[in-house]
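Student: Chains as they are written, first to last, in this note's numbering: chain A, 1 to 99; chain B, 1001 to 1172; chain C, 2001 to 2678.
Treat the hints with care, as some may be off.
Listed next, with one range per pair, are the computed distances between beta-carbon atoms [said to hold, decoys possible]:
{"id": "1", "chain 1": "B", "residue 1": "S1023", "chain 2": "A", "residue 2": "L2", "range": "15 to 23 Å"}
{"id": "2", "chain 1": "B", "residue 1": "V1045", "chain 2": "A", "residue 2": "L81", "range": "39 to 47 Å"}
{"id": "3", "chain 1": "C", "residue 1": "Q2650", "chain 2": "B", "residue 2": "S1023", "range": "51 to 59 Å"}
{"id": "4", "chain 1": "C", "residue 1": "E2641", "chain 2": "B", "residue 2": "L1022", "range": "48 to 56 Å"}
{"id": "5", "chain 1": "C", "residue 1": "N2633", "chain 2": "B", "residue 2": "V1153", "range": "49 to 57 Å"}
{"id": "6", "chain 1": "B", "residue 1": "I1149", "chain 2": "C", "residue 2": "D2629", "range": "55 to 63 Å"}
{"id": "7", "chain 1": "A", "residue 1": "L2", "chain 2": "C", "residue 2": "L2674", "range": "19 to 27 Å"}
{"id": "8", "chain 1": "C", "residue 1": "A2639", "chain 2": "B", "residue 2": "V1153", "range": "54 to 62 Å"}
Covered stretches of chain C, going by a simulated chain A footprint (3 or more residues, C-beta under 8 Å) [said to hold, decoys possible]:
{"id": "9", "region": "2591–2600"}
{"id": "10", "region": "2655–2669"}
Hint data in this document are derived by calculation from the structure and do not stem from the laboratory.
Heads up, the beta-carbon is just placed ideally off N, CA and C, and yes, glycines get one too.
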Amino acid sequence: MLLNEFLFLAAFLFCVGVYGALARKNAVLVLMSIELILNAVNINLVAFAAYGHLIAGQVFALFVVAIAAAEVGVGLAIVLLIYRNRHSVDLTSVNSMKG
Amino acid sequence: MILAATQHLDVAQNIVFGLVSLSMVVAAIRVVTTDNVVHAALYLVVVLAGVAVDYVLLAAEFIAVVQILVYIGAIVVLLLFGTMLTRAPIGKSADLDNDQRWAAAVVSLFLLGVLGWALNDAWGSDRLPPAQVQRTADVGNSIFQTFVIPFEVVSILLLAALVGAVVIARRD
Amino acid sequence: MNTLLRNAWLIPAIPVLSFVLIIFFGKRLPKKGSEIGVAALGISLVLSIATAVAWISRHPVGEGHEKFRHAVDHNLFTWFSMGGTDVRFGIHVDGLTVTMLFVVTLVSFLVHVFSTEYMKGDRRYTHFFAALSLFTSGMLILVTAATTLQMILGWEIMGLCSFMLIGHWWEEQANSDAALKAFFTTRTGDIGLLVGVSVLFFAADRTFNAAKINELALDGHMSHWALLMGATALFVAVIGKSAQFPLHTWLPDAMAGPTPVSALIHAATMVVAGVYLVARMYGVFWSAFSIGAEGHAGVNPIAIIGGITILIAAALAFVQADIKKVLAYSTVSQLGYMIMGLGVGAWTGAVFHIFTHAFFKAGLFLGAGSVSHSGSHHSFDMKKDMGGLKKHMPITYWTFVVCSVALAGLPILAGFWSKDEILLGAGSNGYTAFLVVGLIGAAMTAAYMTRCVYLTFHGEARGNAAEHHPHESPPAITGPLVVLASLAAVSGLLNAPGFELFGKLNLNEVFAHAGIPEHHFSLLYAGGSTLIALLGITAGFLWYFRQLGPHGITERSRLLRAGYVFLDQKYFLDVLYTDYIIGGIKGPIPRAVYWFNQNVLDGVVNGVGVGARAVANFVYDVIDQKIVDGAVNGAGFSAEEGGSVLRVIQNGRVQSYAAVMFGVAAVSALALALIVSR
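Chain A with its partners taken away, still in its complex shape (with noise of 0.2 Å):
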């Protein structure tokens, strides 16, 4: 198999993640995009460890799963405060540090 065929897989699933984080307006759906650019990250991690005969690079996906994992804990308790006080997770009413 080619390296290339991971790499360029990587990429298509960062740029979709990357669209999703700029582009939808439901904080959730947000973080849903931030997982995909994560899992993309972890693929070329991994493909380079493969690539490279590095175990590090399957070390460190470890370690990214295990962040991202506490970053949608945390994102998404926020998700709930921004709810509880403005009852919507529209992210374009989110705007008071306008100006």
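Following the hints, position chains B and C against chain A.
Tutor: For chains B and C alone, kept in the frame of chain A given last:
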């Protein structure tokens, strides 16, 4: 014999990879374009599962299993909880895209172009070596010997995230 | 023996120590500090006598005329070095030094003893003794000095102490004025001292050492012009300090101080400091004024000043009512003798006269003190408060008479020998005019002393002497009187013909080098001067004791009345000095300086101020307000406008920020990739 076996293996891998990546691509695009939040979550599951299969193809079994357990088993569940708790509309909703989607599309396409060209330029025809299965024991050794400090830090991070999430979201 | 001579610096050091001790501890002691003073001076006196003995037992070196005891010139320490010259402090001990040490310490000791009784109960008893000690140390520093710088030191200490002691009862304006007058008059002379020392320093190849300066002067190695200037400048100082004409006016006024002060300072020691200076630096004067040169003109500045002083002071002594003033003018006159003696080349005579004069003049002053203490109830006015004291105060009377006769110069007593030597020198060295002056002066001296004795002790008791039961003074007062009178009687024999110990002891390098002629006893001169003295005494006796002669003539004759007034006003010299000279300077010069200060100096300063203010205004209005503030305000204004333009981007939405961020990241990635791949 081994060469032939390797070649066979090679073909099989390519086929599997092709199928899986196709489904992943479709699913990913559906995640960011669908009107239904729950459908988006389910499409995400497909993507995550495809990633796990890719890990297996790359002979990183431990990661594959962890991926399924943690991502699909916990994170997606968490996202679905989040969806429910924020009264996201179950079923179709009016629109879930904001007004800068064309700008976002431009940015992401541009980024894709850049990345693609760069990747092609760098590793145009590099082949992956024949898969060598990484033993879980090796992964474990690496974590607890070379990367023990990042491991400890991540533990603390998880603790902090746990406490933080509780503190942020509690009703008072 | 040499140890004593080399350590003669102890003799001035002891009174200095005494001064410090009295200042710090005097008031707490039972006798209020006088015991320290008396003890210190006693020790110094003993040391001086020991030093004299050491000097006498020193072996003369040389042959014939050159045979004399060589001086001890001992360097104590180098004070500082500057420009290749070392300024040293040392002591120089020779016959002159030893003479002066003995005189100063003896008279000072006797005055200390006298003062313990005389100044009893005084308001500043302790400080009086402190000042006496300091003064004595100053004089002793002067006489043991090896360098002219040390002489300045001693000279100035004495000037200060004279001021302090004359003004001892400064609460009365007259006393304070007298102290100032003394100080300023001697200070006028001190300009000469500083100039003279400096000129001689440079003329003598940069040395302050007196012996070397004398040597160089006599060798003829100094430029004559510098030598003359130095000698003249020094002589100006001598005129001031030794009360010669025209700077003699301070000495009679200085009688405002306590009598022991008058005895010590203004009779025996300080006023002879000037004479000592001439005697010490005699090589300089001898060469500068060509005192001993062949075919000299018969006059030189020193002799002239001395001669004038003798006559004018003796004349003034006749018209004084205050006994101390009589003695003061007598001192001035005798100082004139000493200076004249040095001027005519009679060095030994002049120095011997210092020696003898100290004893009988101190005796006379202390006698006057005794009279005022116990006879005239603190008054010194002979005409008003004295008279007929002979029977009440016998010791005082007889000591006073002995000292007076010594002063007048009758044979055997001390004054005869010393005055005679001066006259001998004047006649033999070719200064005949001054011989005549000296003889006239001798006659006048005898006459006014007779007047003084008569008015004080004889006749009817007047004023206080009549009312306040005069009695003899206590032993603390009469003791010194007896000592001094005895010395006045016998000290002259030190230089008697055949014996001439004084002369031999005082021979020094200057004598040998300059070839100063020595003259020995001449019966002609002795007889002549005795006759003149007897003439004077007889005239006085007849006028006063027998009331013969034209009494009251000054009332009747206008010319003689004018003469009397002239004398009474001290030749109008005081008027001249105070009103015309000082007054003339006091008025116009300060006014001119004040005008200059107000208009020129202040004008410049004010102008600078006005200019500075105008510049400041300009800086404020134009530079600060317009330019600097404009720039600052402009910066703020542009920041504000720029901000309101850029504010549009901030719409508060995270996703738009993220979009920008990703876009920029993508562009940067492209750039990086392009660069790397190049």
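Student: If a hint holds in the structure, say so; if it doesn't, say that too.
Tutor: Each hint, compared with the structure:
1. B:S1023 - A:L2: 15 to 23 Å: holds, 19 Å
2. B:V1045 - A:L81: 39 to 47 Å: Given range 39 to 47 Å: violated, Cβ gap about 26 Å.
3. C:Q2650 - B:S1023: 51 to 59 Å: violated, 41 Å
4. C:E2641 - B:L1022: 48 to 56 Å: Because 55 Å falls inside the window, the suggested range holds.
5. C:N2633 - B:V1153: 49 to 57 Å: holds, 52 Å
6. B:I1149 - C:D2629: 55 to 63 Å: holds, 58 Å
7. A:L2 - C:L2674: 19 to 27 Å: holds, 24 Å
8. C:A2639 - B:V1153: 54 to 62 Å: Violated: the Cβ-Cβ distance is about 42 Å, outside 54 to 62 Å.
9. 2591–2600: This one is violated; 0 residues, fewer than the three required, reach chain A with a Cβ under 8 Å.
10. 2655–2669: holds (count 4)
The structure fails hints 2, 3, 8 and 9 (numbered hints given earlier, in ascending order).
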